[in-house]
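Protein chains: 4
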Amino acid sequence: MNAPVKTEDAFHRLIHENHMYGLWEIASQMTPHPRPEAIPHQWKWSLLSEVAKQSATAVPVGDERRAMQLFNPGLNGQWATTSTLIAAVQVLLPGEVARAHRHSPAAIRFIIQGNGAYTAVEGEKVVMREGDLVLTPSWQWHDHGNETKETVVWMDGLDVPLTKALNCIFFQMHGEEKFAQTKPVNGSKALYGHGHLAPTWVKERPSFSPLMLYSFEQTMDALNGLRSSEGSPYDGISLEYTNPQTGGPVTPTIACRIQMLRKGEKLKARRVTGSSVFHVVRGKGRTMIDGKAFDWEKGDIVALPSWAQHAHENRGGEEAILFSISDRPVLEALSLYREEPSA
Amino acid sequence: MNAPVKTEDAFHRLIHENHMYGLWEIASQMTPHPRPEAIPHQWKWSLLSEVAKQSATAVPVGDERRAMQLFNPGLNGQWATTSTLIAAVQVLLPGEVARAHRHSPAAIRFIIQGNGAYTAVEGEKVVMREGDLVLTPSWQWHDHGNETKETVVWMDGLDVPLTKALNCIFFQMHGEEKFAQTKPVNGSKALYGHGHLAPTWVKERPSFSPLMLYSFEQTMDALNGLRSSEGSPYDGISLEYTNPQTGGPVTPTIACRIQMLRKGEKLKARRVTGSSVFHVVRGKGRTMIDGKAFDWEKGDIVALPSWAQHAHENRGGEEAILFSISDRPVLEALSLYREEPSA
Amino acid sequence: MNAPVKTEDAFHRLIHENHMYGLWEIASQMTPHPRPEAIPHQWKWSLLSEVAKQSATAVPVGDERRAMQLFNPGLNGQWATTSTLIAAVQVLLPGEVARAHRHSPAAIRFIIQGNGAYTAVEGEKVVMREGDLVLTPSWQWHDHGNETKETVVWMDGLDVPLTKALNCIFFQMHGEEKFAQTKPVNGSKALYGHGHLAPTWVKERPSFSPLMLYSFEQTMDALNGLRSSEGSPYDGISLEYTNPQTGGPVTPTIACRIQMLRKGEKLKARRVTGSSVFHVVRGKGRTMIDGKAFDWEKGDIVALPSWAQHAHENRGGEEAILFSISDRPVLEALSLYREEPSA
Amino acid sequence: MNAPVKTEDAFHRLIHENHMYGLWEIASQMTPHPRPEAIPHQWKWSLLSEVAKQSATAVPVGDERRAMQLFNPGLNGQWATTSTLIAAVQVLLPGEVARAHRHSPAAIRFIIQGNGAYTAVEGEKVVMREGDLVLTPSWQWHDHGNETKETVVWMDGLDVPLTKALNCIFFQMHGEEKFAQTKPVNGSKALYGHGHLAPTWVKERPSFSPLMLYSFEQTMDALNGLRSSEGSPYDGISLEYTNPQTGGPVTPTIACRIQMLRKGEKLKARRVTGSSVFHVVRGKGRTMIDGKAFDWEKGDIVALPSWAQHAHENRGGEEAILFSISDRPVLEALSLYREEPSA
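Protein chains in written order, with our numbering: chain B, 428 to 770; chain P, 428 to 770; chain C, 428 to 770; chain V, 428 to 770.
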């Protein structure tokens, strides 16, 4: 897409024929600041819910899950919501199973609709309720099942564009439809889900959070407890889901956050390196992104590219709650994170 | 105490007079394994409660607190419960204030009796209830107050012998009786006390846990949630209180643990480097230490020296719960931690 | 490039029009193992030296340097030698200056030809000799100058494709041609270039190596000292240039290595995630990459994509020495590094 | 030694009989700043060399080595030069072997006199020359041998008082006089002793430096290269010997430094927590410690307690060089390090 304009004299012909270009031909790609091809984009819940509904009859759940991938309009058909992240809306009907597989891309699920379906991760059945965050970290076997009587809808978040760019994608289908459930139901929540009390007999230190379920009840307790805090001038009461063994992000590549914009709250604008995707859990509001207004309400999903100036505002009659995923752990690990408040 | 036996020929006289000794004169101090001077010792609650009661009238609370220090009988009058830790029982009467000071030794408090008194730490009033763990980390201003109508009793745990051995003790009395309360009551619990959700706007990363209050309610929830786990063969359902920002110990020098011995549970014996002090929160049982039985019940405090063989057993009709402090973070930081199961 | 095939019924029309695709339409992109678009490719020194020679008259050194970028033939005109790295051959004539700028992509230089030119990094003039490695880490001001009478040629290595994929490129031209030289010539070598002796008065801990010059003399001393070691069955006597403050890679995104293949040495094949580019410093040999032979000699540059099976062999009459850059620190930081010996 | 003064009323009798003391009885031990029992003390080379000479005939080398331990006069016969460190002068005659053993205390050797004797560490024979630093980290088998024709004298530095205070001493005598030499002579120097080039095939990451020999030649090269640097106002050109795998101290408990005081250099005074022992490698000078002058020359050894105000001054006609050991890594690991410039 960024192929250089060719300058055709003998020297340039020589180098071009031999797969070389002069820096002077392409230096404009070294931009003063990031200029992502990805654009800010919003998928409204009115659309997403219609798509979710129609998908139930239009496509079967099969080896590849009934997951509608959100393609950033700026990225020319790449499997990507932002340059590093893919978000999707996945639907699982009563009685269905999305069969067991594993992949090097890490995945998270945020439950939008329906209670009681499960994701099984390496032998632990994790029961999912609305507002819960569920992890299926890199290379962990997982399958999903819906043993309830209602349709379940969740948002997937994966780092597929990143792992693709790094040429690190591995994928494996399991021999059985379901991975054997060898651990207690919600067992990692019992082990790791209690405030700052760690089981001393566990020696494993994986590269990701060993806690697979972050329940919405705990999330709301935390937000409510901080309702009267000052919070961040840019993000409001913004909490990061953390790995209990390190205090760091839930996976090495994807960070997850929940943020509360209190009634009437209008936050300041800034830019940060790295991209994110946010989902409206509750409330109504507006996010100004590079000068354009995105008015959102419950269920909407919005892509926020790197270095885009953005400012959130609650414009509803109650608090607004946003869940988001971002590639910030990558930027921080590589010392490429920057932020810049807007004047 | 370990002064070498002097061998008196001319050469030895020469070196001794000049503050030198031959390795051959003292090499027996390089023992095959640790031989602590500290001994296992138990302070029974029947004694401690009587002392607490009498102390109310026998001594005022003053600049130095009404804290009865537990001196290990093996340590010749050193201010030490084990070689690195001091434990004490502190009493605060209704209306009393233990004035503000700070010191480089780190301190923890475990509430034994009474609800509603407070410890104020660097401007945060922390309200204490039975079973709570409260931190006053190194060099943090703190004062205690009892505005309730009942006497409050807690166990102090500090690393005084360690900081003394390292010649690192600093102490400062505050100009005022109370340090100004500039933060919300129990504010660190609101910020850090929720399961694995971290405030993104906080940039401070102190060397200790920023969470000052670990409530007993959360502790019991965690223990109860793991009641049917296998746990550790040596420690049962043993949980470490952790620093939410790192997943590590609450302070760089003192680790805190809570452990549940289920009804009828008899654990295996082992030795570990480093010492600990445990307090019986609930139940009855026996700990065999280097072949000697220590039968304990609610309120007792027991000193466990380094490398002592020890095995716990619940001998009561219900679960037993032990709280403990140890110097394990020190041993681990210096790569001196070892453990050895007993045959 | 990987745009999904569209399945055109009403449901699919609905989702495609709204920038959504079914996972079932694109799941084949989740490959069993990495399938890079980049291909193995070799630029021979016979070509590179001719290009370097012609470039001296064909193009001026200007704001954009006289650097011929090696474009991987599989990457459709992207500014990339592998998916994450760009290598180039840069030429600086006597009397020329490549003016001061800085950029978030990190860069390294490996000197191919000519002694005595300099790279100035944040005020330190670093004098470069053949075989030296010179760093210009992320966002450090740097300019190059040639005050000698001979043409200088070096290989550039940057992480441009990575920082582009992460939308983190920042670039800034300096107001002056040269950044003021405020530090001693080769001063970082004096400070950090001595074996395992660190200046205690320096408090800075940048995210990259503070040592800007790794001299060839030291490199050859190290290789010669290990000539009789077993080394790696896959890489021979392979040494990583390290950050003296951490023992880790020289920058968070690019690792540099030097390896010696002894006379007659034929190494084993393996695959690793992540890509690299190697340059032949000395000797002749062959690298089998995914079944294809690449016969190389002094001066050649070869691109090695992620997960390509590769095995090196010395086929000359003396030792062979290869310098290489790779993105391995990125893979390791994100827990995506894997290696697999070939059967 | 710090046993509290007993206050004898009924309450105090009750608590004292039961191994308890009131905080009010001992609070004076919580001092405003460190008040070590160890005192500054100097052992002159005129004494040490005489002792070394007489020791050759007065005592055999046996299982316990011919090592004269420097006992701090303030520490009442404790095996300690400072509160955490023991230094000693060890003598090995031609043909002698100090038999193989290992212990949890870490040890370093700094060679004072004689070239060509060896320390063997876990199978690596390390040949020692004057000015070399040799490590025998915690729990590594080691023996010493002198196959030359001259007497060898070195300074030992160990963390015995620390490991004793922590009750972590383990000691084991080897079955054979010498541990089998299974590795190349000076092999760790070949592997790790080259400037910032790390062998990629080595996977071990011990808790200590894997480099056993820091040669004086490299040390002097580094000092000479920095002769014209500003250095530290308190320590001059002060370099820390580092672990090449981490950039940190050579062992978790003992740091080693070399410092050059240039001709006429008079440094500023300060206090730091933690103690050290320094040995004069070259030159003459004076160190003011807590107001008392210690005039030193080549060969002298001086103990510097925690928090003592100290300032060094070169008073000879050439540069002065000091080697020192300290417990600073312990203080830093436990967040107890402090420094305070003197007004």
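What the hints contain is simulated information worked out from the structure, not anything from laboratory work. Hints should not be assumed to be uniformly reliable.
Note that the list lumps identical chains together, so a pair holds whenever it fits in one copy or between two copies.
[Unchecked claim] Cross-link-like lysine to any residue pairs, in silico, SDA-like; alpha carbons within 25 Å at most:
1) Lys-610 / Arg-742
2) Lys-630 / Trp-566
3) Lys-719 / Glu-603
4) Lys-630 / Phe-438
5) Lys-471 / Glu-767
6) Lys-552 / Arg-697
7) Lys-693 / Ala-437
8) Lys-725 / Thr-627
9) Lys-630 / Thr-673
10) Lys-719 / Trp-472
11) Lys-725 / Glu-631
12) Lys-471 / Asp-722
13) Lys-693 / Ala-485
14) Lys-471 / Asn-445
15) Lys-630 / Gln-672
16) Lys-711 / Ala-696
17) Lys-690 / Arg-765
18) Lys-719 / Ile-538
19) Lys-480 / Arg-697
20) Lys-630 / Gly-675
21) Lys-480 / Ala-437
22) Lys-690 / Ala-617
23) Lys-605 / Gly-541
24) Lys-471 / Phe-438
25) Lys-552 / Lys-576
26) Lys-610 / Trp-451
27) Lys-690 / Glu-724
28) Lys-552 / Gly-718
Results for each hint:
For the identical chains of this complex, Lys-610 and Arg-742 are neighbours neither inside a copy (45 Å) nor across copies (30 Å), given an alpha-carbon limit of 25 Å. When the C-alpha separation of Lys-630 and Trp-566 is checked against a cutoff of 25 Å, the pair qualifies both within a copy, at 19 Å, and between copies, at 24 Å. In this assembly of identical chains, the alpha carbons of Lys-719 and Glu-603 never lie at most 25 Å apart, being 48 Å within a copy and 38 Å across copies at closest. For a Cα distance limit of 25 Å, the shortest separation of Lys-630 from Phe-438 qualifies neither inside one copy, at 62 Å, nor across copies, at 48 Å.
For a Cα distance limit of 25 Å, the shortest separation of Lys-471 from Glu-767 qualifies neither inside one copy, at 29 Å, nor across copies, at 45 Å. Within a single copy, Lys-552 and Arg-697 get their C-alpha atoms no closer than 40 Å, and across copies no closer than 35 Å, so neither meets the 25 Å cut-off. With identical chains, the CA atoms of Lys-693 and Ala-437 are never at most 25 Å apart, being 59 Å at best within one copy and 41 Å at best between copies. Only between protomers do Lys-725 and Thr-627 lie at most 25 Å apart by alpha-carbon distance; the minimum there is 23 Å, versus 41 Å within a single protomer.
For a Cα distance limit of 25 Å, the shortest separation of Lys-630 from Thr-673 qualifies both inside one copy, at 14 Å, and across copies, at 16 Å. In the homo-oligomer, the alpha carbons of Lys-719 and Trp-472 lie at most 25 Å apart inside one protomer (19 Å), although the nearest pairing across protomers, at 52 Å, exceeds that limit. In this homomeric assembly, Lys-725 and Glu-631 never come within 25 Å of each other (Cα to Cα): the closest approach is 39 Å inside a single copy and 34 Å across copies. Only within a single protomer do Lys-471 and Asp-722 lie at most 25 Å apart by alpha-carbon distance; the minimum there is 9 Å, versus 56 Å between protomers.
For a Cα distance limit of 25 Å, the shortest separation of Lys-693 from Ala-485 qualifies neither inside one copy, at 41 Å, nor across copies, at 57 Å. In this assembly of identical chains, Lys-471 and Asn-445 lie within 25 Å of each other by CA distance solely across copies; the values are 10 Å between and 48 Å within a copy. In this assembly of identical chains, Lys-630 and Gln-672 lie within 25 Å of each other by CA distance both inside one copy and across copies; the values are 11 Å within and 19 Å between. For a Cα distance limit of 25 Å, the shortest separation of Lys-711 from Ala-696 inside one copy, 18 Å, qualifies, whereas the shortest one across copies, 57 Å, does not.
Taking the shortest alpha-carbon separations for Lys-690 and Arg-765, neither the intra-copy value of 29 Å nor the inter-copy value of 47 Å comes in at or below 25 Å. With identical chains, the CA atoms of Lys-719 and Ile-538 are never at most 25 Å apart, being 29 Å at best within one copy and 49 Å at best between copies. For the identical chains of this complex, Lys-480 and Arg-697 are neighbours neither inside a copy (37 Å) nor across copies (48 Å), given an alpha-carbon limit of 25 Å. Taking CA atoms no more than 25 Å apart as the test, Lys-630 paired with Gly-675 passes in both settings, with 18 Å inside one copy and 13 Å between copies.
In this assembly of identical chains, Lys-480 and Ala-437 lie within 25 Å of each other by CA distance solely across copies; the values are 13 Å between and 61 Å within a copy. Only between protomers do Lys-690 and Ala-617 lie at most 25 Å apart by alpha-carbon distance; the minimum there is 20 Å, versus 34 Å within a single protomer. Taking CA atoms no more than 25 Å apart as the test, Lys-605 paired with Gly-541 passes inside one copy only; the shortest distance there is 21 Å, against 52 Å between copies. In this assembly of identical chains, Lys-471 and Phe-438 lie within 25 Å of each other by CA distance solely across copies; the values are 17 Å between and 53 Å within a copy.
In this homomeric assembly, Lys-552 and Lys-576 come within 25 Å of each other (Cα to Cα) only inside a single copy, at 18 Å, whereas the closest approach across copies is 49 Å. Taking the shortest Cα distances, Lys-610 and Trp-451 never come within 25 Å of each other, neither inside one copy (59 Å) nor across copies (31 Å). For the identical chains of this complex, Lys-690 and Glu-724 are intra-copy neighbours only, at 14 Å inside a copy versus 52 Å across copies, given an alpha-carbon limit of 25 Å. Neither within a single protomer nor between protomers do Lys-552 and Gly-718 lie at most 25 Å apart by alpha-carbon distance, with minima of 44 Å and 44 Å respectively.
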